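Visitor: What follows is each chain in one-letter form.
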Amino acid sequence: MRLSKKFVSDYIDINDIDMSELAEKMVFAGNEYEEMRPFCEATGLVIGEVKECIDHPNSDHLHICQVDLGEETVQIVCGAPNVRAGLKVIVSKVGATLPGGIVIKKATLAGTESNGMICSLAELGLESKFLKEEDKAGIHELPDDAPVGADALEYLDFDDTVIDFELTADRADLMNIIGMAYEIGAIYDRPVHIPEIRVKEQGDDINNYHKLDVATENCSIYLGKRVENVEIHESPQWMKERLMACGIRPINNVVDISNYVMLEYGQPLHFFDADRLKDHILVRMAEDSETLTTLDGQHRILKSSDIVITNGNEPVALAGVMGGLSTEVENDTKNIFVEAAIFDPVHIRYTSKSILRSEASSRYEKGIDPNRTELAILRACELLEKYASGTTCKGMLVYDQAKKEDKTISITLEKINQVLGMTLSETIVEDIIRRLGFTYTKKDGYEVTVPTRRLDVNIKEDLIEEIGRIYGYDHVVGTLPVVPMKRGRYSKKATMMKEIRRRLEGLGLYQVITYSLVSEQECNLFVNQEHERVEVLAPLSEDKKIMRQTLIPSLLTVLDYNLSHNNKDIQIFETGSVYYKEEDYKEETMVSGLLFGNYMGNTWQGNVLKVDFYTVKGIIENILQYFGLNGRYRIVADETKKDMHPKMTASILVDNEEVGYFGRVHPKTNKKDVYVFEISLDRLMMKKVRTLKYKEISKYPSVHKDLAFIMPKSMESEQVMTILRKVGGRLLTEIDVFDVYEGENVKEDEKSIAYALTFQNATKTLNDEEVTEIFNEMIHEVESKLHIQLRNK
Amino acid sequence: MQEKIQEIKEQLQSKVKEITTLNDLNDLRVEFLGKKGSITELSNYMRELSNEEKKEFGNLFNAIKNEANDLLNAKKEEFELEELQKKLNEETIDVTLPGTKLTVGGTHPLTKVIDEIEEIFVSMGYDVVEGPEIEQDLYNFEKLNLPKGHPARDAQDSFYITEEMLLRSQTSPVQARTMDANTEKSPIRVICPGKVYRRDDDDATHSHQFTQIEGLVVDKDISLADLKGTLEILAKRLFGEDREIRFRPSFFPFTEPSIEVDVSCFKCGGAGCSICKETGWIEILGSGMVHPNVLKGCGYDPEKYTGFAFGIGPERVAMLKYGITDIRNFYTNDIRFLQDFNRVEGGE
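Sequence lines, in order, name chains A and B.
For the first sequence, this note's numbering gives the first residue as 9, with consecutive numbering after it.
For the second sequence, this note's numbering gives the first residue as 1116, with consecutive numbering after it.
Chain B on its own, in the form it takes in the complex (with noise of 0.2 Å):
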């Protein structure tokens, strides 16, 4: 009996290892373990056996049953296996085709600047305020201590649209027109960004529309020392944390002192180089103390209160920042040039 177990055995392990499909495989399930299988048929002789018999015999032949069926499994799975990676293969797929295209727009280099420069104020208390861009000669020179006929006024040669309305050539009149409005004459911190206009023709330097960023603080002691902090603070924040800034007397109308800001060059670390003309430093603002004359004007008590006001231009800021050496190209609006602003800063 256990000669015929044995023989049944070696029969299916060496029919198993003959067979190549699935098909294969269910014939022989069939052969050995079906109704008639050569194993199911061993039960056969279970009659002719006595009960003790019967008791050995049940244990070897669930043995071979089970070993059967292990064994079938086993090819079973081996043959699923070998299934799938086939298909897999065929889906195989040229990684290296290009991506569908999601277009996501992007920001103009101009608003980057102004972004980056109005949350570095928000985050200081600063509100960012607006104003006309057609303004009266009032706000964007008189009350700024320019009065009509003053030589300063050359500097801004401006588009007039009557004698007395003009494109505004700075922010400024921001300025004058958050004064004249806060009607409790209270501290004011803000800044204004907008577009402004100037006579010029445009060249790689000049652009007859530009934009400026004007920021104002106006409270009971405020210093030049506050100034220079503050704008350090910004300097800082675009253009790299090493950097320091330097003042050096100038002439504004609206300020007194005014000051013209240089920041050390982010190129060379003051050194020299071309992009500071070999001098270290690069000028990138003018600021001052609000001009007494321009507090009186706006009804702010120049004993009590001062204050100090600085204008940064937008387009310097971003033509020094990314290497922009023409400014003509913030308005040609060329896609090439936009995308080269769509993504992150990196750096620091």
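The shape of chain A in the complex, shown without the other chains (with noise of 0.2 Å):
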């Protein structure tokens, strides 16, 4: 909503106060604002007369006039194809500035003197939607009682200034000048006068002409009044440039006479053409697929929820939103049927959405005062008598449901206190409501009377607000609430996730987060359609459509993108949902990691870790060992993931349930030698792990012994390391692979592994023999269950 000051000062006296001063208490009364300006921004402007006018002998379009000025006869050169001896003008003096920050310097021009500029009300700085072709073609020509000498602004009244509000979406009744005036009125505590509106009902009695029915609930209030005879042409100065200052072009004194009244009242108005029109108006829902021409000349199919005025027959008019082309006021038009109506904010907003936000619909959105809406439609009658020479029938047309008495609440000062954490007294708290414009009566506290132009303000709090608000909460002063003590806790999952992310960053991973809406195609990777999916009514784009199912191909494209930006090593990690339909919707938190290039070492030494499969199973483990899920987790080889190289892809089973995989991305899928791993928190998070306990430490000796088996190269470690454990028992304290060879004194199919065992009896030192034991029935368990040899026997 833009204020101009010129209008505003109609209802309130504020000419001593300045502009910015304005705005700026405006702001921490609630209302913010974009921009503060002057209407025009130009200086030393003057209405001249043009004396004499002739062709300049070396151009073929420029002039040189003699204007006077009052005071003074300059010599202008003058391009405008229109100008012309005898013509009332603008003239920019020489060191006058136009918008632009352009000063008019004395010049010559095709060797010509000249002393200043004429202007168009494009040079004027004017808005282009406000421009009329001519505007655009040519000089702005005055009319001829334009008193010469005379500053030219304030001749257009063009001296105005502007402040553009962004209000928030309570506040409807600011969408008005004079429900600007109340709360300028609150903030400096200075009286609004509204002036007396004076119709004079020359006309017949409207009931002659028409009938007005309403069928529909979604309109609370419907007035009609009938203008006669109005004479159609251009608005007085003022009006226009109100217009203008508050953002709507003036077409002419009628249609501006309808905007006026709804920037003045911020009550939305419709003038139909009365002949056009007809006798019966009956404002109803609409038919689906019922059809009407607005006037914008579009064919619009109409939907049930949309309101609509028809002629009884069929739609003249899309309620609160748009009017009909067939009884639109035209420049032949000569007697007017004015509408003033209240209608459903919710199906405005339904019906605009999908056709139009108008000036009109946008307050109908927001809501209107129903106290208005009568003298709205008085002023508008008021208003075509004065400057369209019409005559007001007598009587009105009136359909009203609405409830209209002021809103009482029941308040204390405790309370306004209480909420405010302020110790305001009866005297403050009393003096803000009467600025308000509100009134009390004190009993037990107050009884607030808000009038119904405050259509926010209907309960304690919102009044509180108001309290606050124009009291100034810089006075606050900040406090701690008075609660008790306690610790804060980080639900399960909360801490889980930052363990676990801690942990990453410890192995070297840096965090990333990407976008949760994917493209039809990374949906597709790495899950097989065994969960429905989520998806967007309305996506931005393709590319962000459906709610992913696994977080890696997203961290594919966080590879692709770093990769094309020369980032050679890439090693990441996300937390995130993933999320399926099921029956009620489904979120599960996953971590997943990608891993890429060289992960740590120094290449000049020669010794740099290349990422692979085993790089990321140290990882998982590393993870696994840390969430004490030691002795209870496997990796087990896994041909069946989608998107994963067959070979080269482990799933992890914690208790024989699966929790998540990791391995080599597919060749098709990524040509390049990408790993990636992805685990399920939710999963993970339900084992059970048990408590932090130390044990003893061993106080005696352990026994290290080595051994090798050939087998063949499609044979598992695991067999045998499982085979090892079983016969160690609890005396094998470790067992772990120091070499893994294949070549020269092995055969093609074959591979030698060997381990490195530790024996450690907790109780005791343990002797030869005991080892010795164990370590023959391990080699012969070993033997004799997979059929493979000791190396070297």
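Because the hints were derived from the structure by calculation, they are not lab data.
From a predicted model like this one, the values you see are computed outputs, not experimental measurements.
If a hint is listed, it holds; no wrong ones were tucked in.
Partial list, computed: chain A residues near chain B (C-beta under 7 Å):
1) R357
2) G429
3) E473
4) L517
5) V520
6) V542
7) Y593
8) M608
Some chain B residues flagged as far from chain A (calculated, every beta-carbon gap over 10 Å):
9) S1129
10) K1130
11) E1193
12) V1210
13) R1292
14) G1385
15) G1395
16) Y1437
17) I1439
18) T1440
19) G1461
For glycine and all other residues, C-beta sits at the position ideal for the given N, C-alpha and C.
Combine both chains into one complex, guided by the hints.
Guide: Okay, structure coming up:
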């Protein structure tokens, strides 16, 4: 909503107030603004009369003009096609400024001295939507009676200041100038004067011409007046200026009056050509697929949620949103039917959302003061009489179901101070209530009466806000809630996510955050369609339309981005949700990672660790052990994972339940040597872990023994280890692989794996016989069960 | 006799000076102190001496033997030191060559901000709670005093999945869920961090996905002053001890009164600069007193309970704190961007 200083000055005296100060005070009353500026950013403009105008001898379009400026006559070279002797014009004198910081200087044009510039409206910085064809083509022509030598901005009423407010959604009352006046009045403690409306009503009774029916509960008030024999022409300059200052393009006096009254009172009006409208006005809900051609010439198919004004048979206007073409006021219109109504905000909102958000609909959506409707329609008639020579008919068509009583709110001083955390006195509170234009009676506390214009003030808390904001929140002194001491807690999941994050960071991975919405193509990667997808109804783009079911494709996108920006070694992870439709929408928290390139090491020393399957496995095992799952997890080859290398992928089982997988990305999906993992934190979290308890370290010496087996290449080491562990029992405290060998001395389809074993007894020193016995038993068991041989036997 | 001893002594002294290797030293030791060494052989004179002379000679003999040993040992030490020094010299390395790359990863800057805010509030007794990202219209809007058709819904154009389900457009639904789930209707102090989604095209200042942290306190006698005091702590911890905050009235459907909060500019201290657009203040969050309709809708009696709520955007905080100018940086995850945040904050 734009505030024009001139316009609001009709209702409140603010001549002594600096407008930038006013704008700041409005901000601290809750009304932010985007911009404050003069209506016209020009200085030094005077009215001149072209006394003499001759064609420039050296130019095909320039004219040499002698222009009377009252105190002096100056020579100005002007290129406008419409400049001529006798014309009253706007002259920008030497030293004057025009919008955009242009300073007018004495100049020589085609060899002739020019002392100033004759201006067009475009050159005064008017928004282009306000410019007519002639304003773009040539200089502005002032009326013949314009006083030579006078200040041109003052004469045009352009000496105005505009503040463009960005109102909050609740302040419907500020979407009009009178409402703004009340707000300024409350802030500055100044009275607001609403001029009395005088309508002559010299025409016939309206009931002779029109009859009204309202057949929907979505219209609470419908008023109709008839104004006859209007003359359509341009509006007076002051009215045009005020409309433009408020951002509305002047059209003609009749259309302008309907907009002017809307700006003034906040009540949208609609003017019908009364003769085209015919006699019967019926307000009802539209029927599905009913049609209407609106003012803009569009043929619209209506829905049953649209409210329409009809002529009894067919729609003639979309209520509150746009008029119909067939009943539009045109230049030959004689008689006008004026509508002032209140329609249901929610219905208007739906209709305007699909058709057009207009000045009218945006007011209807936020709500209209029911006590302004009649004032507005009368004001329109008054202006039509005054500025369009109309004759208002007696009487009014009235349908009125609106509640128009002021609201009363009971409140105590104690409650106000409790909520604000202040100690306001009765005097202060009563004074603010008065400044707001509310009244009160005092009994047990206050009974405050709030006028209907304040649609946003309905309950105690609304009133407390009013008092707080007018008094000023800068008076609030911060305190801390008086509450019992307690320890704040993280949820189990949040704690786990933090732990896993810190661990992965410690292991060299960077945390990333990516988008949950992915493309169809990404959504198909790495997951079988076992869970139904969650898709958004109206995606912004094709690449963000499905809620992801795995984080891995997003990590691959991050890899691509980094590789294309010459970042070579990428080790990243993300914790985040994946989403399934299921019966009632499910979110599962995942931790996923991607490793590519060199992991750690020192290039010039030649000991760089390039990422491979076992790097990732090390990370996974580190995490599992950190979470106390040592001995409960298994890493099992898995050929079934979609888009993963079938021979370089393993699933992670904890207590025999799969919690995730890792391995190399299938070369068909990504040609590079990329490794990824994904673990369900939700599933991992379900695993109960014993509390940490220290176990005494054995005081007795340990015995170390090595052994190696030759086995087929296809055999998994785990098979051997399982037997070794089983035979070793409690005495086998550690088992490690220290060599895997293929090549010379080993057959082509075989490999040798060497194990380092540590034996220790917690309660006594192990003797050689005991160890040898176990050791031999191990060899025997492995050889007989797996049919493989001890190496170098 | 004495002359003889003196002669041997001088001989040894001069020879010790000449030798250059450990081998020479060993030869010298044999020559003087070996079985047939010139000092050892002095003992042959013993036989020819009287008892009294023997005692005197014994003293002299021991003295020269000790002296010779000391001399040779000192020389040996000298040689060994030289040897060691030589070895050390050979072991010289170029300390300017790069160290081994021990990669320790890092936390995403948004998480850093969220962690920091969570810690501030946990230390004040707030619990950290979560809620679903796929949310019901009921919790995302209706229970927050935003019925269908409310104009304020425009500010949050949402991704709907069905008519009743959407990607949450704010973390505020967790407020309603927390109050709803509290069956005893007892006091609440929580913060709720999480991802939210809005139908905005991505550009330098907009992102269709971003994060929010919601805070909620419900108790008896909670006031606007308590909100201010709490947010003062937040602002000082996030932006420095000298920061002040300022309240501006605003409107959010789920709070009444509603407050927009500015923090005094941490760059210029309030004098006016490009960061605060010459105003000295920077808008950081929205807040207010929980609307009675929200309390009521979640089973709390607004006559008995009041509360405050606030919502802060970690993206905005991170952008201000670290001088990030494009919100998309958070989601493209350039490793160099992430690496920049892999250090302690420093500053005060």
